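Quick mapping for you: the protein sequence lines, in order, are chains A and B.
In this text, residue positions in the first sequence follow our numbering: the first is 1068, and each later residue adds one.
In this text, residue positions in the second sequence follow our numbering: the first is 233, and each later residue adds one.
Keep in mind that the hints are not guaranteed to be accurate.
[Unchecked claim] Covered by chain B, according to a simulated footprint, are these stretches of chain A (three or more residues, beta-carbon under 8 Å):
| hint | segment |
| --- | --- |
| 1 | 1095-1101 |
| 2 | 1106-1112 |
| 3 | 1168-1178 |
If you are wondering where the hints come from, they were derived from the structure by calculation, not from laboratory data.
This one's a predicted model, so the numbers in the text were calculated from it and none came from an experiment.
Glycine is no exception: its CB is placed at the ideal position from the N, C-alpha and C atoms.
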Amino acid sequence: GENVEQHPSTLSVQEGDSAVIKCTYSDSASNYFPWYKQELGKRPQLIIDIRSNVGEKKDQRIAVTLNKTAKHFSLHITETQPEDSAVYFCAATQQSSASKIIFGSGTRLSIRP
Amino acid sequence: NAGVMQNPRHLVRRRGQEARLRCSPMKGHSHVYWYRQLPEEGLKFMVYLQKENIIDESGMPKERFSAEFPKEGPSILRIQQVVRGDSAAYFCASSQAGTSGETQYFGPGTRLLVL
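Next up, chain A with everything else stripped away, as it sits in the complex:
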């Protein structure tokens, strides 16, 4: 089945700097890659997603890139702010089981003032 690896597990950046989180997936048939942000004690919230027919997508300070050949996808946050501190999860949806989302293990992002 699908397996999603996520790195790093923790990330600390200075406020205003950029943060990058990387993920790899194993099932070449996966076609949808959402990213979720989870604040402490809260529900996961979708912040951005990308489909396999697109290489890059941007929404204000957040961007995602997808390399289908290498089965890599990444989240980029620019001009980080204190409210960006949270745990971020990458995920992939299997083509063969359309509705099952496979999550990465998460990255705890801390923004230093």
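Given chain A, work out where chain B should sit, using these hints.
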């Protein structure tokens, strides 16, 4: 437009008791998914249901766990004879059509603590 609702938000049970978790999907959504999140870990898929049907239960333990989504009322995740290892946050999500690439919206979760 109310989002996904879950209750209770917190549940404490002693070993051997039953835990019953409820999930009401967003209005207009007929597809429900349950995920489990152990402390300091990611979310793991458990089960996917449509009204009156279990579509995929490949992530659910074979024993003690069951799920249903009746024609009327919320989806229910039932854990019988709970053990300490069942302590976790249980999130449900819902979607409209259940298709690949469709956004799943998460509820606030039920935090189960087994003493």
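Tested hints:
1. 1095-1101: Coverage by chain B holds here, the residue count being 3 at a Cβ distance below 8 Å.
2. 1106-1112: holds (count 4)
3. 1168-1178: holds (count 6)
Hint compliance for this structure: every hint is met.
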